[in-house]
Amino acid sequence: MTQSADIAVSSVTLRYGSGEKTVLALDGLSLDVKPNEFAVIVGPSGCGKSSLLYLIAGLEDRTGGAITVGGQSVDGPGPDRGMVFQSYTLFPWLTVAQNVAYGPRRRGLGEDERNRLVRHYLAEVGLAGFADHYPAQLSGGMKQRVAIARALANDPAVLLMDEPFGALDSQTRHAMQRLLLRVWDHSQKTVLFVTHDIEEAILLADRVFVMSGRPGQIRKVLSVDFPRPRLGDIVLDPAFIAMKREIMGLLRADEEGED
Amino acid sequence: MAFVPYRPIPVALAISLGAAVWALVLVGWMWLTYGGRVPEMFLPAPGKVLMTAGRLIADGSLMMHTAASAQVVLVGFVISSIVAVPLGLYMGTYKAVQAALDPLVNFIRYLPVTSFVPLFILWIGIGIEQRVSVIIFGTFFQQLVMIADAARSVPRDLVNAAYTLGTKRSTTVRHIVFPASLPAVLDILRVTVGWAWTYLVVAELVAAKSGLGYISLKAMRGFQVDIIFLAIAMIGILGLITDQGFRLLRRFVAPWAV
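Here the protein sequences line up with chains Z and X, keeping their order. Letter by letter, the first sequence follows residues 1 to 259 in the numbering used here. Letter by letter, the second sequence follows residues 1001 to 1258 in the numbering used here.
In short, the hints are calculated from the structure, not lab data. Mixed in with the good hints there might be a few duds.
Stated by the list, open to error - Example chain X residues on the side facing chain Z (calculated, C-beta under 7 Å, incomplete):
1) Ala1161
2) Thr1164
3) Leu1165
4) Gly1166
5) Pro1179
Just so it is clear, the structure is predicted and the values come from calculations on it, not from any experiment. The beta-carbon is built from N, C-alpha and C at its ideal position, and this holds for glycine as well.
Whenever a hint applies, use it, and build me the whole structure from the sequences.
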């Protein structure tokens, strides 16, 4: 299995457009994620948190600054950085099993090894019985579980997650958060997770990066020290609520600063 | 019940509705002909058309002309599609290919095919090549534009997901764009094969010695309206068969897209 890697983002700038209409989406943003860490970026919509993830994935080109993953400078997309998207991105023409096997297949793994990976990761996300279904036959939550299995089956060094549960109802979302923590505990991958849901951020993270918008910068980094596994009741814990309040305050101050 | 917007209706009702409209057309036709309301010279009775059909089937000429027409459509359509599908996919995927082809294609696309028939006769003569050329000219540019549109509408994040799983940019069309647009491509082929049949008649009316368009033209000179009806009906039936064929093909090669 690939060693999980660190992510180093230093003084990254992202500018859209040119001339007078130019928009500064990220302005000299820096952050570091340690190997095996579960890091969450929380910020208001439009703050550039998704753009940052796309830059780390190499799906967009940064205007300035440096990004390295496992010491390697990011220059275009690659299978070392797995990603789960907010929209459903399973390949509709492939079955669930074929979707999970897609990355290993591109790497040239043999059929036996691919089948082993498919069985392992589908069991991991609780979808062993759905191997031969097509994505169109799955619910939203199931699609995202397959997407997680597909990303992990490719054995990336880091896993980037762009509001993967944003489109799900709250009950499914809570189930998915627990599932993700369990899968992460088993895989020990570095995870960088983007959300605008403060509770989700605290529940999942080792560290929360609070972002401010326009142009996007890291406003504060908070260590979350609640013991794992973090069970449902924890959201009622006074320390949890205090942290939630602090982050809400940071985000609100940002909104007011804009007026 | 049957008139709630978008609500599905029972299969039996759907079939009987379709049959009822056909019956209505037939009854109207009989009312006009057997009732003596239209001279037979202009509108033959259904029985007359059936009898003519029997005669032309018996002497083998209906099959011969139908086969000649089908061959022209098939050859023209296949050649056009073989080039248009990959080129269209690349056109929809790569902005450079689009920028290069768009201005020319959109110019040619609006030219009436009929205006090129005299040119093709001058250049190619009046053999089967000329008719095939008309079919290709009529379908290719339409296919190209529609397939490029289908390729362009592949969700960006589907391609992004493929990159993060190790897909190389150079194989994106093969691994992602082609399978993702396959159902749309098959629908486009199904629609454009219908257009190919319409251009066929244009080609055969002007220069041909066989085919359904040719016998129609010959029948017009002899006031044999029953044969014209027969030729039209044959084209309709063949169109129906190709249409169903493409529906079956789509269900077979793209079972995941319902």
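Consistency of the hints with the structure:
1. Ala1161: holds, 4 Å
2. Thr1164: holds, 4 Å
3. Leu1165: holds, 4 Å
4. Gly1166: holds, 3 Å
5. Pro1179: holds, 4 Å
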